[in-house]
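Sequence order for the protein chains is A, F and Z. The opening residue of the first sequence carries number 240 in our numbering; numbering runs sequentially from there. The opening residue of the second sequence carries number 240 in our numbering; numbering runs sequentially from there. The opening residue of the third sequence carries number 277 in our numbering; numbering runs sequentially from there.
Honestly, the hints are just simulated from the structure, not real lab data. Some clues are possibly wrong.
Listed next, the stretches of chain A that the computed footprint assigns to chain F, with coverage defined by at least 3 CB atoms under 8 Å from CB atoms of chain F [to be verified]:
| id | segment |
| --- | --- |
| 1 | 261-274 |
| 2 | 295-306 |
| 3 | 311-319 |
| 4 | 324-338 |
Cβ coordinates follow ideal geometry from the N, Cα and C atoms, glycine included.
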Amino acid sequence: MNDAAEPGLFAVPPLAELERMVEAILFASSTPVMQADLAARLPHGADPAEALVALQRRYQGRGVMLGRVGEAWAFRTAPDLGHLMAREVQETRKLSRAAIETLAIIAYHQPVTRTEIEEIRGVAVSRGTVDQLLELEWVRFGRRRMTPGRPVTFVVTEGFLDHFGLESARDLPGLKDLRAAGLLDNRPLPGVSEVPYDDEAETTQIALFEEDP
Amino acid sequence: MNDAAEPGLFAVPPLAELERMVEAILFASSTPVMQADLAARLPHGADPAEALVALQRRYQGRGVMLGRVGEAWAFRTAPDLGHLMAREVQETRKLSRAAIETLAIIAYHQPVTRTEIEEIRGVAVSRGTVDQLLELEWVRFGRRRMTPGRPVTFVVTEGFLDHFGLESARDLPGLKDLRAAGLLDNRPLPGVSEVPYDDEAETTQIALFEEDP
Amino acid sequence: MPDDWDDAATTTPAERQASEALIVDVDGFEGPLDLLLMLSRTQKVDLRRISIVHLADQYLAFVARAQSVRLELAADYLVMAAWLAYLKSRLLLPPDPAEEGPSAADLAAHLAFQLARLEAMREASARLMARDQLGRDVFARGQPETLTARRHVTYTATLLDLMRAYARIRTKDEFRPYVMDRDNIYTMEQALDRMRGLIGHVGQWTDLASFLPEGWGTHPMRRRSATAAHFAAVLELAKRGQVDLRQSATFAPIHLRARSPE
């Protein structure tokens with residue numbers, strides 16, 4: 240449909256051809272393909288960006304669609320057709336309520352320490368809960384906090400984004416409202432000096448938007 | 240859900256919708272799907288035949304194509320893009336310990352038989368190790384030994400000398416030179432207290448150069 | 277979040293009853309904060325406008341009920357009860373300007389914030405789980421094509437690697453623990469067996485060295501081992517009275533002969 244580049248003159252294939260190539264590569268993979276990897280597999284000098292946009296448009300409204308997951312791309316079946324795929328459903332272990340809440344807290348507050356998760360939930364987070372999320376590869380260790388004890392932080396992964404159909408952590412449902420309502424603030428208990436991360440609160444929040452993969 | 244017979248109305252989805260459904264099912268299936276199975280998974284009364292034809296036409300000339308495997312259908316990479324499914328990997332690897340030791344023995348003792356290599360190393364030399372060195376063209380077959388069984392011998396090649404920057408195999412430094420140059424880490428074997436290389440080691444070394452042709 | 281700030285403050289008797297009718301079942305709650313959140317929902321207001329005094333009453337009533345049916349409450353529930361009782365008393369009194377630390381209002385506001393935040397996270401997790409999920413609502417390619425890697429491996433080794441490897445082999449040889457070297461070891465048992473067979477033929481004084489088996493006389497290591505074994509063996513035979521031994525001087529050759537039966 241698009242023959243932007245003049246065929247023959249350049250070593251880089253015309254857009255239409257790049258689109259076919261990107262389509263073939265993404266179709267062949269069951270996991271998202273990083274845009275950089277995509278570029279590496281195309282003929283030298285070819286940039287997949289334009290082809291991806293064209294392809295995404297082409298598949299709009301089709302039975303499969305092209306979605307973005309962080310820096311990666313993947314074809315997925317259209318969500319409204321899920322009922323036809325009953326045969327393909329993988330039985331997954333049901334997550335406990337604690338695990339689901341912990342996952343949400345990590346996603347919305349990332350990077351977040353275990354202590355902070357416990358503060359938000361008001362109970363201890365069991366080892367097993369975090370392990371389960373790590374095992375699912377929905378959560379991984381982030382950078383250590385530069386506070387006493389240098390606690391590890393948790394962040395969500397590309398796998399998490401892929402599983403829940405999110406382009407980035409910025410697209411978490413209701414994130415903006417929660418932030419506007421101050422509910423993602425790391426507000427310490429008044430007068431309690433045990434957790435001195437006053438300045439930290441701000442960095443945490445900014446980090447969510449700047450460091451996210 | 241519907242009365243089967245009556246085509247058209249709302250019971251059976253329109254062709255465009257059927258096409259989407261077929262597309263999604265074929266995409267997500269882990270095996271090619273028989274046309275009969277496809278029909279069974281579509282809304283009651285829907286015939287996939289027409290949708291398949293439409294879909295096949297839609298994917299004509301794309302990066303993937305809808306193909307028929309006997310009675311079953313599956314998406315496949317367009318044949319002319321098969322090369323994209325192979326990745327050229329340039330990898331630089333260190334030689335395995337077995338390979339480098341075998342190579343060293345050949346270099347210092349050439350021409351040397353496999354049995355002799357095994358005697359010196361104290362362990363069997365696998366076929367693969369020797370093959371690897373032959374393949375690298377660092378080692379080649381020398382003359383057969385005029386002993387019972389007429390075993391083949393191994394010698395190093397010009398390619399070997401090139402790679403290691405040597406004029407001839409005689410230029411390989413002896414243990415004494417290595418130690419003098421501080422190139423040997425004098426790490427003792429486990430369980431053996433720090434023992435400097437004793438004279439015997441040296442005699443061995445000298446013998447090596449005098450006795451070996 | 278519903279924005280019904282106005283009908284905040286009070287609760288109806290019906291709602292109060294509902295809260296009191298709560299089944300006393302601590303197992304259903306994940307800690308005091310979870311219980312507080314549950315109780316606070318009966319107030320049906322924005323959590324940030326909740327009456328903490330009333331909430332404290334609800335909580336204390338719950339704890340009292342639990343204790344009246346002799347339900348074992350975990351310590352953190354009791355700590356929360358004590359803290360709420362204290363907070364409530366401070367909230368009801370006029371603020372004491374002499375008192376240090378955060379005001380009761382600040383503490384109450386923080387508790388309200390914690391409840392709102394927990395509730396927000398509950399809602400967020402519900403919304404998250406309601407999304408189309410991969411492998412449940414949305415599917416990946418079922419028949420991915422494997423990426424065949426055409427590997428071009430270049431092997432490298434430096435001269436130093438080569439020399440180190442060689443040094444390793446040679447020095448290993450020298451340092452090899454003695455017991456490993458079975459090939460070059462002649463045991464006393466072997467020597468004893470051998471000497472028993474030979475001793476009958478030795479009528480003359482004969483040098484021990486001449487008894488060493490073939491192939492054990494030249495290689496230094498083998499010779500040492502065989503000599504030691506045979507020496508030990510003839511000592512044993514002498515002890516049993518089967519041979520006589522003599523040595524003219526220290527380090528001189530050892531001679532032996534069969535002892536004639538008496």
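For the segment 261-274 of chain A, do three or more residues have a beta carbon lying closer than 8 Å to a beta carbon of chain F? Answer holds; 6 residues pass the 8 Å Cβ test.
Can the segment 311-319 of chain A be counted as covered by chain F under the rule of three residues or more with Cβ-Cβ separation shorter than 8 Å? It holds, with 3 qualifying residues against the three required.
Tell me whether the statement that chain F covers the segment 295-306 of chain A is true, taking a Cβ distance below 8 Å and needing three residues at minimum. holds (count 4)
Closer than 8 Å Cβ to Cβ for three or more residues is the test here. Does the segment 324-338 of chain A pass it with chain F? Since three or more residues must qualify, the claim that chain F covers the segment 324-338 of chain A holds, with 3 doing so at under 8 Å.
Taken one by one, the earlier hints all hold for this structure without exception.
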